[in-house]
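Number of protein chains: 2
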Amino acid sequence: MYEVEIKVRAEKEPVRRRLEALSASPQETVIQEDTYYDAPHRSFAETDEALRIRREHVPEAGETKIKVTYKGPLVDETTKTREEIETPVQEGEKFAAIFEQLGFEPAATVHKEREQFELEGYTVTLDTVEGLGEFVEVETEATEGELDRAREGAFALLEKLELEDATRLRTSYLGLLLAERA
Amino acid sequence: MYEVEIKVRAEKEPVRRRLEALSASPQETVIQEDTYYDAPHRSFAETDEALRIRREHVPEAGETKIKVTYKGPLVDETTKTREEIETPVQEGEKFAAIFEQLGFEPAATVHKEREQFELEGYTVTLDTVEGLGEFVEVETEATEGELDRAREGAFALLEKLELEDATRLRTSYLGLLLAERA
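Chains B and Z are the protein sequences, given in the same order. Quick note on our numbering: the first sequence kicks off at 1 and runs consecutively. Quick note on our numbering: the second sequence kicks off at 1 and runs consecutively.
To be clear, the hints were calculated from the coordinates, so they are not data collected in a lab. This structure is a prediction, so every number in the text was calculated from the model and none was measured. Backbone N, C-alpha and C fix where the C-beta goes; we use that ideal spot for every residue, glycine too.
Distance ranges between label pairs, derived from CB positions:
#	chain 1	residue 1	chain 2	residue 2	range
1	B	E60	Z	R17	55 to 65 angstroms
2	Z	E11	B	A61	50 to 60 angstroms
3	Z	S25	B	T109	41 to 51 angstroms
Reference excerpt, derived from the structure (chain Z facing chain B, CB under 7 angstroms, subset only):
#	residue
4	P40
5	H41
6	I85
7	T87
8	P88
9	E91
10	A97
Some chain B residues judged to face chain Z by a derived CB distance under 7 angstroms, without partners named:
#	residue
11	P40
12	H41
13	Y70
14	P88
15	V89
16	Q90
17	E91
18	K94
One chain only, chain B, in its complex shape:
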C-alpha cells in the first residue's frame, strides 16, 4: 500500500470553512508526539526513509495509542508518495529502548495538533506544528495501479479547497524542524 500525500503551508481557518461548505466529515482531533530515529548504518536523510514511534492522544476519548512506523523513500517527484508500514504497539518505551540498543538514536520529536476531515475518499488534515506553524495535508492510500488516479484526485481536491496556489512542501515536519535548527 502506498500513501499519496500533498502538503501545503496554509492558514487553517479559511480551509476549515471551505471543508464545512463542502460538507466534509469532521474526525477526532488528536495530539501527536512523533519521535524519529536515525539509523546506525545509513543516513535516513539521504535515503529519505523514516523510523518513528508515534504517541497519539485523543482528548475526546481520553486515550493514547502508540504506533511504530517505517516509511520508505519517496517514489515520485510531485507528491509525497511512499511505502509505509505502520503497526500498533502497547509499550512505546520498550520499543524506544530496543531501537536505542540496536543503535538507532532519537533524532527529534515533532509535536502537533491534528484536525482531520474525510472528503471524497481523501483525508484532509489541518495541522498546527510546534515551532513550525500551520499546514494542510490532502492524503489517501492507493495500490501501485491506483497511484496516478489517486494523485489526480488529490490535486483536484486541493483546488476545491482553494489551495492550488499555496506553497507545496515535499519535506517532512521532521525535515523542516531539523532545517530550522541548522
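Keeping the supplied structure of chain B fixed, place chain Z upon it in accordance with the hints.
Just chain Z, lined up with the frame of chain B:
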C-alpha cells in the same frame, strides 16, 4: 532487569518426575516459533546480542501471542545472564517487514515445544527443540544487585533436579542450530 538462566542438555522425563516430587507448579505448555534477525551494521554472533520475533501458541487456550525481544550481550562467565527487553505486539508480520526494510535479515527460525514449571521463584523449562533434542532451563529475573543470589539459587535448584552433572550450555538454540548447519 536481567535474565539469569542456566541451560543443560537433559532428557525431560526424569526431570519432570523430580519436579513432581518437589511439588513444582506446572504451567501451560506452549509452542514457540522464534525468528532471529541478523543486523546490517554489526555481527550479533560477535556482540552476542539477539533480535527476535516470537510467535507463541498456547494449545490449551487456543491463542497465539507475539512478542518482539532484544537480548543484550552476556554479562558473566558461568550463566546465561543478559539484559532483555521484551514487548507484546499484535502484528508480527508488520514487524518482520519493518525489520527487513531496515536491513535486518531473518537468520533462522527455532521451533520448540516448551513445558514450564514454577519452583522456589524460578521457572524450570523442559524444551524439545526441532532438530536439536531435549533441554532443561532454570531461569529467573533479577535486578543488578540481586544477580549473585539469583545465580546461587539457580545452581542450588539444578542440584535438587539432579542435573548438577549435566552438560551446561551457554549457546542459544539459535547458535546450536546454526552450528549444526555449518
